[in-house]
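Take the given structure of chain A and dock chain B to it, following the hints.
What follows is each chain in one-letter form.
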Amino acid sequence: MVRASLMLLKDAGRGFCKSLSQILVCPLSKQPLRYSEETNSLISDAIGVSFPIKDGIPCLVPMDGKIIEADDMPKADDAADLSSKNNQ
Amino acid sequence: MALRMATRRLGSKLLPRFSSTSVLHSHATSFGFKEIPEEEKSRMVGNVFSNVASNYDLMNDLMSAGLHRLWKDRLVSKLNPFPGMKHLDVAGGTGDVAFRILETLNSVKSRATQDVLDDNLHEETQIFVCDINPKMLNVGQKRALERGLGEDKSLIWVEGDAEALNYKDNSMDGYTIAFGIRNVTHIEKVLAEAYRVLKRGGRFLCLELSHVEVPVFKELYDYYSFSIIPAVGEAVAGDRDSYRYLVESIRRFPSQETFASMIAAAGFQKVEYENLVGGVVAIHSGLKI
Chain A
1 MVRASLMLLK
11 DAGRGFCKSL
21 SQILVCPLSK
31 QPLRYSEETN
41 SLISDAIGVS
51 FPIKDGIPCL
61 VPMDGKIIEA
71 DDMPKADDAA
81 DLSSKNNQ
Chain B
1001 MALRMATRRL
1011 GSKLLPRFSS
1021 TSVLHSHATS
1031 FGFKEIPEEE
1041 KSRMVGNVFS
1051 NVASNYDLMN
1061 DLMSAGLHRL
1071 WKDRLVSKLN
1081 PFPGMKHLDV
1091 AGGTGDVAFR
1101 ILETLNSVKS
1111 RATQDVLDDN
1121 LHEETQIFVC
1131 DINPKMLNVG
1141 QKRALERGLG
1151 EDKSLIWVEG
1161 DAEALNYKDN
1171 SMDGYTIAFG
1181 IRNVTHIEKV
1191 LAEAYRVLKR
1201 GGRFLCLELS
1211 HVEVPVFKEL
1221 YDYYSFSIIP
1231 AVGEAVAGDR
1241 DSYRYLVESI
1251 RRFPSQETFA
1261 SMIAAAGFQK
1271 VEYENLVGGV
1281 VAIHSGLKI
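These protein sequences, in sequence, are chains A and B. If you read the first sequence in this note's numbering, its first letter stands for residue 1, the second for the next number, and so on. If you read the second sequence in this note's numbering, its first letter stands for residue 1001, the second for the next number, and so on.
The following block holds chain A by itself, in its conformation from the complex (with noise of 0.2 angstroms):
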C-alpha cells in the first residue's frame, strides 16, 4: 500500500517510531496514517483530516482532528460532526 510513507515516520524524541504506523490508525476511518513532517502531524488520507503531535504524543481523539483544506482554516467543528455521523 503507502510503503514508502512508512518510511516518513521518524523518532520524534519520545520513541515515536514506524513500526506505530502498523497499529495506529485513524479513529475516525479506521485506516492508515501517514507521518507528515513539515506540519508534524499523522494524516488520515482515506478522509483528509490531520492529527496533531503534542510534545511527542500523538492526538488521536476524534474532536482533535483537522479537516485538511487548502484555503480553509481547519475547524474542529467539521471532525466533529464527521465523527458523529460515523458513530451512527
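Keep in mind that the hints are not guaranteed to be accurate.
As the list claims (entries may be wrong) - To spell it out: a stretch of chain B is covered by chain A in this simulated footprint if at least three of its residues, at any positions, have a beta carbon under 8 angstroms from a beta carbon of chain A; those stretches are:
hint: 1; region: 1126-1139
hint: 2; region: 1153-1165
hint: 3; region: 1168-1176
Source of the hints: derived by calculation from the structure; they are not laboratory data. Since the model is a prediction, treat every value here as computed from it, not as a measurement. Idealized CB from N, CA, C, for every residue including glycine.
Chain B only, in chain A's frame:
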C-alpha cells in the same frame, strides 16, 4: 482487612434481566447523581480529571489506604504479560498499570537465560497508554521518568478516545481499563471498541470500583464514601466537587452482574468477575474467541 475474593462465572447463554437501553441511557446522561445532557458528559468528566491530575496518585493512596496498588497488581497478574505482546491500557493516564506490565516483563527478562531470540521479542513489546486527557498523560510521562522507564521504547503514550479507538482491528493481545469505564459516556461503545482491537484469543480486563452488598460493611463504606472522601479531597486537593463526582459515579455504575452481561453482549466469551474487598472493587474479564 481481609482480602475476600468471590468469583462468579456466567454461562454463555445470558438472558439480560434488565432493559439494556435504559441502563446505558441512564449512564450516558448521569454525572454522579446529577442528570446532564449526554453531549456534556465528556467535557464535564474531562474537567474533573484535569483538576485532579496533579494529585491523582496521592489521592488514590489516601482514599484506598494504598490498597489500589494491590488491586492493580492483581489485575496485571491476571493478564499474564508475555514478551513481544501488544497491549492497550485504556484510560491509563498516569501509567500505573502500564508500568506494572513493563516491570513484570523486565523481571521475566532478567531471570531468563541470555538469548538473542528473547531480546528480539522484548524489543517487539508495545504497551500503549491511551487516555483522553492530556494532563493525565503528562503526569504519566513524568512518573515514567521517575521510575526509570523514560527511555523504554515499549511504552507508547497516545491521546485517544475509548469510544473511538485509534488502533487496527485485531491488533492487541491484551486490553485493560482500570478505574476508567465508570467515567465514559457510552459504555457499550467502549466495549465494542475493546472487542474490535483485540486479537482472537485476546483478553479484556476491567478493574473498577463496584457495589458492596455485605450488610454493615455496606453502611460503613457508604459513610466513608460520602462523608470522608470529599472532605479529604477538599483538604488535600482543594476540590470537594470532583471527589464527590467520583464517589457518586461509583453508585451510578451498573452492578457486577449487569456489567458482566454488557461485556458478554459485546461478544466476549468466558465472562467472569472477581470481587475484591467485599465488592469495593471488581475485576471483570472476558475473552475474544
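> Are there at least three residues in the region 1168-1176 of chain B whose beta carbon sits under 8 angstroms from a beta carbon of chain A?
Replying inline: Since three or more residues must qualify, the claim that chain A covers the region 1168-1176 of chain B holds, with 3 doing so at under 8 angstroms.
>> Using C-beta distances, would you say chain A covers the region 1126-1139 of chain B, given that this needs three or more residues below 8 angstroms?
In response: holds (count 6)
> Counting residues of the region 1153-1165 of chain B whose CB is closer than 8 angstroms to a CB in chain A, do you get three or more?
Replying inline: Check passed, 11 qualifying residues.
The structure meets every hint from the earlier list without exception.
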